[in-house]
Amino acid sequence: MNAYSTTALKAKASAADSPSVDAQAVSHATLRLPNDRWKALEIVFWLLPVASYFFFPDYLVLISQIMIVGLFAMSLDLILGYAGIVSLGHAAFFGLGAYTAGLLSVHGWGEPLSGLLAAAIVAAVAGFIVSFLVIRGQDLARLMVTLGIGLMLFEAANKAAFITGGVDGLSGMVMQPLFGAFEFDLVGKTAFWYSFGVLFILFVVMRRVVNSPFGLSLRGIREGGRRMPAIGANVDRRLVAIFTLGAAVAGIAGALLAQTTQFVGLDVLGFPRSAELLIMLVLGGTGRLYGALVGAAVFMIAQDKISGFDPTYWQFYIGLLLVLIVLFARGGILGGLEKIVARIKRKETA
Amino acid sequence: MTMTLRTEGLCKQWGGFKANTDISLSFQPGARHALIGPNGAGKTTFINLLTGGFPPSSGKVFLGGEDITRLAQHERVKRGMTRTFQINTLFAGMTVLESVMLAICERRGLQKVWWKTVANHADVVEEAMALLATLKLTNEANSITRSMAYGKQRLVEIALALATRPGILLLDEPAAGIPSLESKELFEVIAGLPRDVTVLFIEHDMGLVFRFADRITVLVGGKVLTEGTPEEIAADPRVKEVYLGEAEHA
Amino acid sequence: MIGNFIGVLFDGIAYGALLFLISVGLSVTMGMMNFINLAHGAFAMVGGYVCVTLLSKLGLPFLATLPLAFVAAAVAGLVLERTLYRRLYKATHLDQVLFSIGLTFMAVAGATFLFGPTQQPVHLPDWLRGQVHVLGLDLGSYRLFLIGVVVLITFGLYLLIERTRFGAQIRASVDNQTAAEGLGINVSRVFSLTFALGSGLAGLGGGLGIDVLGLDPSFPVKYMVYFLLVVAVGGAGSIKGPLIAAIILGVFDVAGKYYVPQVGAFVIYTLMVVLLILFPFGLVRRKA
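Chains as they are written, first to last, in this note's numbering: chain S, 387 to 736; chain X, -8 to 241; chain V, 6 to 293.
A hint or two may mislead.
Short, incomplete list of chain S residues facing chain X, as computed with Cβ under 10 Å [said to hold, decoys possible]:
no. : residue
1   : 418
2   : 608
3   : 616
4   : 673
Everything labelled a hint here was simulated from the structure, so no lab data went into it. By construction, the Cβ of each residue, glycine as well, lies at the ideal position given by its N, Cα and C atoms.
The whole structure should be built from the sequences, with the hints applied where relevant.
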């Protein structure tokens, strides 16, 4: 193996070099690689929720919900945007997490953080099991499996009304104060900072994962699934890992929703929730993590404003929006912004 | 790392069509071995059988004495056998540097690492840049693969294989689609690989074959017609007939 | 007991036959274009609403509305294929899924707007109501009629695919698009016509199925799983596969709801997941 050593390669390279290419001159600083440097825009982005706490004190509940759904959307981005698995049943893990936290609380265990942990574990185990079904077969079979799992779980929760409360939902949740000190108040202040904290911490973790060699290999699966085995990658194992992680985060998001609203409705498992999530993610732009957050925010704010109108119109325009996005604005909001920025940059250098 | 590669009675059949029939070949460590034959002779099928793209209908493949016939593709790469594809099979949306680093990380077992960013692996970056330099791709390090010219993409195709540091390298028409000047340069790089690496390549350009191969196997209609040194093959009347006959019917 | 079992079997076969009729178009177009179309149920819905409108507004006899349902759905399919669908043949499956979900939403909203959210009643002609005494059993006339129609159409499809030139072109395009083009087949025209045919059959199925499946604006969403299921389990691109799959699923769904009603739809979803694990590429795998 010594013949392959880097120094030997370098020696060969400099021997073969023509004067115009100088390997040493290309410093590592100019190389574009996934890194962990926080851009100014990102810091501004994360100050927005903090600012909104002070500027929109009447909307704390809505903003908390946006953050929770944003977390949920990010978990789907890991699976869909980075690994490229089309899943129509991601709500299954969200719902599992919600019911786990809900049932724990209803039966006497109201400590929030341990509830989150329990939800994560349950959802992760479910995700792990389902992932083995998902790695078999092609896109259509995968789609059907994820859809089927979601529907199965919904039916199960519906029929097991004696546990889940069925159509009426699970109520009677009592939450202990966060860290033993912060009560979950009606205005939603504790819920707000709780949601923000969990979202931010998990975001930092996911950001690291996505920019790591593991994240790079996920993109490799998405960009060149055929080549991955040919460079020695065990694709199946990778997909199992990311699907499990995505399920766990979705479970945490579900638990957050349950704990902050102290209620779990059957809709957390339904197909509409999976479909809406997909729409939010695509609206914001897949494969960017921030796209999930932006999409969730835009969608939910719009829904809040327009909900007064006839739901039929809402459904029609969402459908139309989807068709238009697919035909004309593939990268979603962030993709569109990136294109505009690139065009401006080109004009500047021209 | 010297490795032996051997097949025993390898056959592949789809319905009534016999793509490979009873191929028993043995490749010397360090050989520069060319696989030639008319279109449709089953050369790419053979490569697919060697690398595990699909299972054979019958027969066995031995790598370093181990029976790898049932082994998954990625396992064979880990054992030192890598291939390139006839049609560029790349990571379209990733940059050249990212693609090569991905391959290197896989080889080094770094794919489990989720707590450290790619940019922080300075040694991997160095290795990747050195490899790019040997293929004169340094200036393309930041280029997105899909936006590159075909010829450059072909170099990336080779780079990905080299990044796995194979003991046995299988090249499926490496020069396909690139002009002859660049293909000669490409073959210089291949010829410059460490002497203990076995290279098996499919090629149609006879000039390149006779220049770089020290052993040639001729495949016709899924079967081995003959094998020998370049001189022997050039002198073999059956080989001439296969190619001349092809030219007449063309 | 046996009588009940035969009855369940019969109902299941009728139900499966209906599912097959609606899904066969989806199978062929999915196999041909590799396009995941979640909106296929919308074409069935179009057929259903056309039937209902013609029945109640124009007073046409039921049997006459069926061919018109076919035509309406086929035209809708043709128009949408030429304008929108064909732009996405090379797109990723995700894009196709999103696009077809979008179309579905629009169709559902449109139907709600035009016809209201409630179930549409359908008045079957007298000779189709009631039961027929066959071999010592009382079988529903309408379901018998259904099975008869689907058998006829399946036979017609078989003749079309195996015996006509157009059928050969379809088979070639499913098998290997590039080679078919190389042979001089106008593949894009084959696509359009096949899509129209498939949509038309779905519309026919929608009209026929009002009595069995019901008709309301949520039809495409409610039954989307079933159609995709039939194709995924049966194997996209074939006709035999979805036929077998549809019958199996129809029988199991009816049997499940009859024998274990407390579990209901759970049976069918579990069966689907099991079948997909065992046959990830479908029961009848498409060649090449």
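Structure-based check of all given hints:
With a least beta-carbon distance of about 5 Å to chain X, the hint placing residue 418 of chain S at the interface is held under the 10 Å criterion. Interface restraint check: residue 608 of chain S against chain X, minimum CB-CB distance 8 Å, threshold 10 Å, status holds. Hint status for residue 616 of chain S: holds, given a least beta-carbon distance of 6 Å to chain X, under 10 Å. At a threshold of 10 Å, the smallest CB-CB gap from residue 673 of chain S to chain X is about 9 Å, leaving the interface hint in force.
Taken one by one, the earlier hints all hold for this structure without exception.
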